[in-house]
Structure formats: structure tokens, C-alpha cells
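Undergrad: Going line by line, the protein sequences match chains Y, G, X and C. Just so we're aligned: 34 in my numbering is position 34 of the first sequence, and the numbers increase by one with no gaps anywhere. Just so we're aligned: 1047 in my numbering is position 47 of the second sequence, and the numbers increase by one with no gaps anywhere. Just so we're aligned: 2021 in my numbering is position 21 of the third sequence, and the numbers increase by one with no gaps anywhere. Just so we're aligned: 3114 in my numbering is position 114 of the fourth sequence, and the numbers increase by one with no gaps anywhere.
Take the hints with a grain of salt, since some may be wrong.
[What the hints assert, rightly or not] List time: in silico DSSO-like cross-link candidates among lysine-lysine, alpha-carbon distance up to 30 Å: (1) Y:Lys370 to G:Lys1342; (2) G:Lys1302 to Y:Lys327; (3) G:Lys1328 to Y:Lys328; (4) G:Lys1370 to Y:Lys328; (5) Y:Lys302 to G:Lys1370; (6) Y:Lys370 to G:Lys1327; (7) Y:Lys327 to G:Lys1342; (8) G:Lys1342 to G:Lys1370.
These aren't lab readings, by the way, just hints derived from the structure by calculation.
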Amino acid sequence: MWQRATGACLALLTAWAAGAAVPPPLPAEHLGLATLPAASPHWVWVFDESNNNETDMRLYLWDADARRQLGQIDIGFWAGVAMSPDGRTTAVATSYFSRGSHGTRTDVLELTDNSTLSITAEIVLPSRHAQTIPLHNIAFSGDGRLVYVTNLSPATSYTVVDLAKKAVVGEVDTDGCVLVLPSRQRSVSSLCETGRLLTVQLDDSGHESSRKMSAPFFSVDKDPIFIQGVPTSNGLLFLSFLGDVYGVDLSAAEPAFAPVWATMSAAERGKWRPGGAQVVALHRKTGRLFLQVHKGGDGSHKVTGDEVWVYDGAAHRRVARWPIDVKKYSGVQAIQVSQDDKPLLFLLTETSDLLVLDAMTGRFLYAEPKLGQSSWYLLNP
Amino acid sequence: MWQRATGACLALLTAWAAGAAVPPPLPAEHLGLATLPAASPHWVWVFDESNNNETDMRLYLWDADARRQLGQIDIGFWAGVAMSPDGRTTAVATSYFSRGSHGTRTDVLELTDNSTLSITAEIVLPSRHAQTIPLHNIAFSGDGRLVYVTNLSPATSYTVVDLAKKAVVGEVDTDGCVLVLPSRQRSVSSLCETGRLLTVQLDDSGHESSRKMSAPFFSVDKDPIFIQGVPTSNGLLFLSFLGDVYGVDLSAAEPAFAPVWATMSAAERGKWRPGGAQVVALHRKTGRLFLQVHKGGDGSHKVTGDEVWVYDGAAHRRVARWPIDVKKYSGVQAIQVSQDDKPLLFLLTETSDLLVLDAMTGRFLYAEPKLGQSSWYLLNP
Amino acid sequence: MQQRLDHWAERVSRGVARRTSRRGFLSAFGRTLTGVALLPLLPVMRGSQALAAEPAAKAASTDPNACEYWKYCAIDGFLCGCCGGSSSTCPPGTQQSPITWIGTCHNPADGRDYIMSYNDCCGKTSCGSCFCNRNEGERPMYRMSLNNDVNWCMANDNPNYHCSVSVVLGVAGK
Amino acid sequence: MQQRLDHWAERVSRGVARRTSRRGFLSAFGRTLTGVALLPLLPVMRGSQALAAEPAAKAASTDPNACEYWKYCAIDGFLCGCCGGSSSTCPPGTQQSPITWIGTCHNPADGRDYIMSYNDCCGKTSCGSCFCNRNEGERPMYRMSLNNDVNWCMANDNPNYHCSVSVVLGVAGK
């Protein structure tokens, strides 16, 4: 007590002796509530699976320029997440239980206002939304009015939600095909175990008006594709286990398939492979394609990457190899790139470290360690 | 494929060449459900606060002899936990939300059958149960018929549940005093900010029949006691921040206070201190008292221990100092001792490692690393 | 053996049938289950698995709580042996999943390949111990019965995922 | 200053009063709040805090996201500055707790002691970043207003705990 008092006096005396005015006391602070700055292309949404606590998954919003977390959206148990086309709304399809991990199950679609990170609406869903990894299990229609939610019970279908009506308006049976890959205003494609694409056309009321099964466009047995579809200028791009690129044009009523090209040389093929949770990213303006790769055999398609390989997507040739310090940060689970003119490359590692690189040069900018428990997916609206 | 087939053939040929009969194929297995062995005094319940995922707290049941986990009880958000006097039932008071981390709050008392780890009953509680550390916020009455659940809203009271009726039968206002320290058949004591003990006598219907405030038995300002009360043969034992031992005899209608004794010498006092989440354990038969201690000043009462100091509780003298390898396991958060004739000492560290020692000799038996996310409390029925 | 598998397949199918009668289920899932009950007719599964021979050294572990144990060649989750169960037994207070994904694992002790059923144990939150992710013969979600990325507790009354087991169904092929 | 504190105390008391009228609250909690509004009359808080001078070196940090920052001398939780807020601001989409615990922290920059209100930010699950537990002047639960072991979101409509802030109320004592 005496020592403390003496110390305080000494500090003041020292200030006085130095000719300084005694500083005024700090003013009282007001307990405030932070607001979000204007949205930036360098924002990135980090999906935390919360592997050890699966009822408590979440999204973190990270500002890569400010190098700080901006907020969090709670997303429940095995959630699917999608951003509206205008970027203003996050849609979350998830399951809750009336007693935490038990009791009555309720599936809901929750809409969050991305400018306040508050939930603005809830629509109760049939209790069979797909509990799986957060890739394409929920999507907005092209005009942002409908939301499609993949179901798996294990019967396969998707629920159609009309956001204007805030109601479920229909359910489309997908005949064993899975996921929702939206295109145009009212089309939805799904991946089938035969290597085909099922495309269903919906009408304005959200009901099926027609469906069409494509020819097989990849070999399920010889070289399956990862389910991650990367948005291109006219549709999606898929990567196979062996690193072949499958372009799918979804701009017309029926899908068209581009010639397949290989990211791996004959010598590399089957020895180096893409792997992890989210394996490929595309910067659309420049056509640059980014893969996380590792050395491994069949069955290693979920092994994390220790290098990023960069391709000129138009010329189909590799332009760079960027090794990652996986000893320091652990292997790469997920990759994503911002779509602006000064693009950033985001990598999430097995230990949930977020690495930020200059996507044009590969220059390492910084690492944010431990951004969650098992943050293995990245969304970049 | 060919290599695999060759390998299999080789193995069989080798076996045949060695004169061994070709082993029969493994029989098909049946998907089973494990049952628990008979309860053992060397079982210990580990309370995981799930610090980063507080809606998903849990209890793990650990068999210290078999060196394996036997099961898990999910306990929700900021749960209070108590074991019935016969050891057969775990009572959990907790809060759930209809939408995981949001929606309608429902507080419940859940009863789990400790022989199956299944929930057998639920009683809905007033939604004000105390969301705090799991020490004495819920307790069984002496005969196991009533359960007391501490409320904090921040008004202080406790709810009385009749397990025979499976219903809430009353609520006792504690006039600012907190926690439920049960004694005799129907008495409950609470700790008050004046350093007194409020003791309320309940009747058979669970309603208050009388109350009595004790004289102050410790100095709230000079040397507060930790809230952890350790069961003794006639009541409870508390430890103060400076390491003094306060015995409280709860066997009569009014509490009686034993002479206070010091665990720290004059030279140690204020320099070495107990600290952490659960600071003291007592082996009742031998009277051995175990403290986790560290070097630190005021404000360090939650700093983890790096030594265990052992006392002869009758003679009031220290009989051993057992340093813990905190560099390897991190500091000690919680301490507990089994009550049998070959007692084990359990320590839980900051990184949720469970250390098991021979409580009589201090011999280190083993460590089980990372038993949960933030497992900082131990229950030993 | 065949009888037992039939019984298993029947139990599984009945369990699922109670919950759904959609053609989606029958086309994508029922076929594979039928396949499991008719072991010699599993060309696709044998084919996809045959490529997975590489990590043979790792697979040599004889500790059923080690991720390298031979039975776990396509598991993705917490090993139930670390949670109160065993490699083929769910922990107390959980419920077995009636539906499942399928793998083929090589047992180095007898040189045989075995068909495995990877069941989830359900009804409590994630066990959190002994996380193990191996993917020999594992395939993406459009090959549902070979996929370990979906919650196989989905069809349980309580679909919370706790841990995973690996149950020997029988010898693969011959 | 005094006016502002009175306003704060009034707001807090009103917030609490809406939820309870129990004598328990008034006896244990209301007293301390009254004490806060009457700064010169805080002998108990000053006394208990005065012993906490030791970690002065640590407290010198000027990074408001560092646990050692002077304002956090009795905080127990995730620093809101790492969660989208700041040392005195809750993150977007959360709600401030109207009730709080109190500490007294020494600011090495001006040599003064300040009364701090440690509010929780509520309505989302644990932020999980920048966990910080310091206990200068912290006291067990029977000294409720000096205790950081209870969930101070308890009286919020949504009592889920997300992170904690440290708000300067004013200079302690003179």
C-alpha cells in the first residue's frame, strides 16, 4: 500500500521535476458496440468445424488488410453456409437440438445481415439437411431470391426456400445425386455417382419444371473429382485426384464440358497430388489457378499440402511453385484467393493458422496463428 | 494390385513353408455397445469446461487402473454437477438454448444412470441456475432425495428439487450468500460476503423451516478462503489464500469452527501460495492433506501449482513436497485423491493432462495427455 | 458368415426403410448395401481399394487405439477405443448408427483383405480423443457408401456424432 | 465524471431491477454498485486492490490486445479486441452485459489507479481468441462484485458468453 502510493507520487514528482505539466486523468470510457467498416475484397470468412465440439461450429470474419478479426457468426451443428450474390447476407443451414447434444432436432435456415452480424430471419427446414463438409451443400439462386439446401437422410434431395416468402416452397428429389451447384436464374446441378451432372430447371415458384442428366464427364473409378467446384466466368471448375482440370460451362440450358487438361507432368502424375479439405482456387481476371499439393499415393487425397503450385489457366502451364513452411505452420488444408486487382492468397493450415500471401508474387505477408479450433475451409464472397 | 496379391500369397506361402497351418480368416465382428465394469474407487470424473466452446461442456469418466476412458456425459452450458450419496446417479444442472447459442433458454436438472451413462430423467428448473465454476453450485441432500441448485440472476437463492416427485418443490432465498453446502438430512449452508455461514434447515417437503447466520469465521478482507470445501469426517475444510486451514463441523444443528492452522511457515507465508481451480484434497482415513502450491503474491490465487505439498492434517505439519514437471505437463489446476486404502492422487494440468501419482509415496505412475479441451476440475465420488 | 452379413444388411435396410422410401436412397445407397451382402460381386469396391496398398508399413500397428491399426484404413473420426468403447464397440450411453460407409482393409497378420463397416457411434457430442483420418479407397460424397465426410449418425434419432468403429464384415473377394 | 458514474450506476441498477427485486441482490450486489457511484467511499475495494502491486512490470504493455495491458488486471476471458471489438467495445452482433464485476488497475503511464468495469459481451458463443486471466483484487464468489468466475452475461436475454472488455470508470480514490 505504502509502496504503491510512493510509486504513484514518485511518478508525478518526476513529471513535475522534468517541467512537464501533470497529465490529466484518463476520461471515463463508454461501453460501446463495434460496427463493421465497409466491406472489402480482402475480407475472408473462416469456417471452423470445431471438430471436438461439433455443435458449436462458427464463421470468423477476418480483415486481411487490418489484420484483425471483425466478428463471428455461430452456425451450429454441421452447417452449410452460402453468401448472397450481393454479399449482404450469410445464409446458414444447420441443426439444433433442444438439449444441446440431445432432445428434439430442429433444422433451420438462418439469415445474418453481414453489416451487423445479427440474425435477421429464421426459416424452419425439414429435419434432413445434409450434415457434411461445407462445400456446395447450400446455395443462393442467381437472383438471390431462392436458397437451395441439400438434404441427406440418406435419401438425397434439396429443399427450396423462397426468401421473399420466408418459407419452404418445395423439395427436389435428386435421384441419388448430391449437392447444389446453382447456375443462371433457376438452374441447379448435382453430382452423380455415375460421373454425370443432373441439372434441374426450377420455375419462378421454386418447383421443378424439367431435368436433364448429362453424359459422364469424369471417371468415378479411374480418377474421381473433388466435390469442390471453383466459380469460373461461365460455370465451375473441378479438380481430379490426379490433378486434371475439368471445366463445366453452366451458362446455357445444358452443361457443356471443356477439354480436360493436366496440372501434373507425366513424371509428377500420381506422385504429387492435390489434397486437403479445399484444394484449389482461381483468380478469375488473370486466370491464375492455385493448387495445394503434396507427395503421396492413392488414398492421400485428404493429406494436407506443403507447396502451392500456380498455373496460367489459359495456357495450361505451371508458372510458379511456392513451398510453405509446414514445419512451422503445419500442412495446408484450404486455399482461397481474393478477386480484386491486388489479390491475396489465403491458406488455412491443419492447426488453423491463416497464412496470407501476395497472390501475384507469392510473397509471404503474415500468419495469424490458431484462428479457431479446426478451421479448414475459407469463404470469400 | 499385382504387388498386393503377391504380398498376400507370400505371407501364406511363408506360413505354409514354416509348417504352420494356414490361419483361418478372422470371423465377422458384431457391432456392439460397451457396458461399464463395476464401479471402482479409482474411477475419476474429469470436468471439461470447454473454454472455447462453452455450450459443450462435458464429464469424462476415467478408470485410473485400466488407464482408459470409460465414457462421457454431455453437460451443456456452465453446468453444475453432483454425485448422489450412493454413487449411482450424476445430477447435472445446466442451461440449453433452442438454437445452440441463441433462442429460448431452458434450465434443466438431468439425471444420468452411472451404470449406463444414459439420461434417465429431466426436471425443468427456473431459468436462473448459477452459471459459474463447478464447485458446490449443486448438491444432493444427505439421504439423496433432494437436490439443491444454486441460482444467480444475480439475485441469490437455490432451487429445491424432490427426486421422488421429479419436481421443483421450492426455492430458498439466501440473502446474498452463495452456493449449497449440504449437511445432515436437510441442512444447507451458504457462504456470505461477511465471512459468515448461513445455514437453512429444510423440512421433509423441501421448504425452509428455520435459518441461522453464524459468526464470521474468516476475514473476507485480510485473507479470504477459496470456495472449495473439502469433505471431512464431520463437515468441510476450507483453505485460505494464504494457506490457512478452516475446519467447519456441520454435524450438529449449528456449525462449529475448528481452530485455524497454517500450512505455511512464517517464512513461506505470502510467498508460497495455493492456487489454481481446485486447490486442495483430503484423504479422510489417513488425514493426509494435499495442496498444490506456487510462488506468487496477492492476485496469484488462480496461478497453477508447480509442487504438491503434503500434510499430516492431525499433527498440522508438512510431511512431503512433491515437485511436478510443469515444463512437461504445464501447471496444476486441480487436485483430487481417491478415498480407498491404496489412494491415488490425481492432478489435472492447465493443458488438461491428467497425472496419476501414488498418494502415499508421491511416486509418479503415468500421465494421460490432453484429456479434453480445458479440463480443470475433478470429481471423485 | 453369409447368413450374418445378410442379417446385418437386412437390419440396416430395415432401419433405413423405416426412415425413408425415396427412390434417391434406393438408387444411390441400396445398391451398395445389396453389394455388401453379396460379397463376391463387389468389383467397384475391390477396384478402388486395390490402389490403396501404399501405406502398408504404417498399417502394421497392432494397437487397436492407434490410427495406424489395420482396421482403420478408411476411418475419419475419433477412435471409440479411446472413448469407452473398442474398435468394434460403441461407448456406454451412445447408439450405433444403422447406416455406414464401407472400406476394404489389408490385414498384415494373415495377408488377407477384409471388408469393413465404419459405423459411427451417436447420441453424445464429439469424443475428442484419438482423431484418426485415413482414406484408403475413400471416395467423394457422390459415392456415398465409400464416403467418410458425411455424418453417418444422420439417420439416428439423435444424430450427434461421438466416435467411429471399424467392424470386420468378412474377407473381401475370394 | 461523478455525473457519468452516477448515470452508469443508475443504468446498471435499472437494468438489474427490471430482472429482479430480491433482497439477495440488494444486499450483496446493490451495495457495491452504490459504492462505485460514490468513489471516495471505497475502502474495501481499495484495500483489497492495494495488495496487488506486484506484477507492475507485466502491466506495462501498451498493446490493448495483450493480456499484460494495464486495463486487464482482473479480467478473466477472451479479450474483445481480438474478437471484433476493442478494450471497451463489444464485437458486432453481440450485446453488452448490463451487470459487471469491478477492479482497480494501476496505469503505469500516469501513475494513477483507475476503477474498471469488466463487462462481458454476450449473445454469441466463446470467441476463443486471446484468453486472459488476471486476478489482481479478484475475490471468490461470495464477494460477487469482485468475482470473475461467474458468467456476467447471466442477466442478458441471451446469456451466452463471447468476450470481455475493460471500461475505465474513473480515478480511484483521489
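Undergrad: State for each hint whether it applies.
TA: Okay, the hints, checked on the actual structure:
1. Y:Lys370 to G:Lys1342: Roughly 42 Å separates the two Cα atoms, so the pair is violated.
2. G:Lys1302 to Y:Lys327: violated, 34 Å
3. G:Lys1328 to Y:Lys328: At roughly 20 Å apart (the allowed maximum being 30 Å), Lys328 (chain Y) and Lys1328 (chain G) satisfy the hint.
4. G:Lys1370 to Y:Lys328: Within the cut-off at roughly 21 Å; holds.
5. Y:Lys302 to G:Lys1370: holds, 25 Å
6. Y:Lys370 to G:Lys1327: holds, 22 Å
7. Y:Lys327 to G:Lys1342: Cα-Cα ~45 Å, so violated.
8. G:Lys1342 to G:Lys1370: holds, 26 Å
In this structure, the hints that do not hold are numbers 1, 2 and 7, in rising order.
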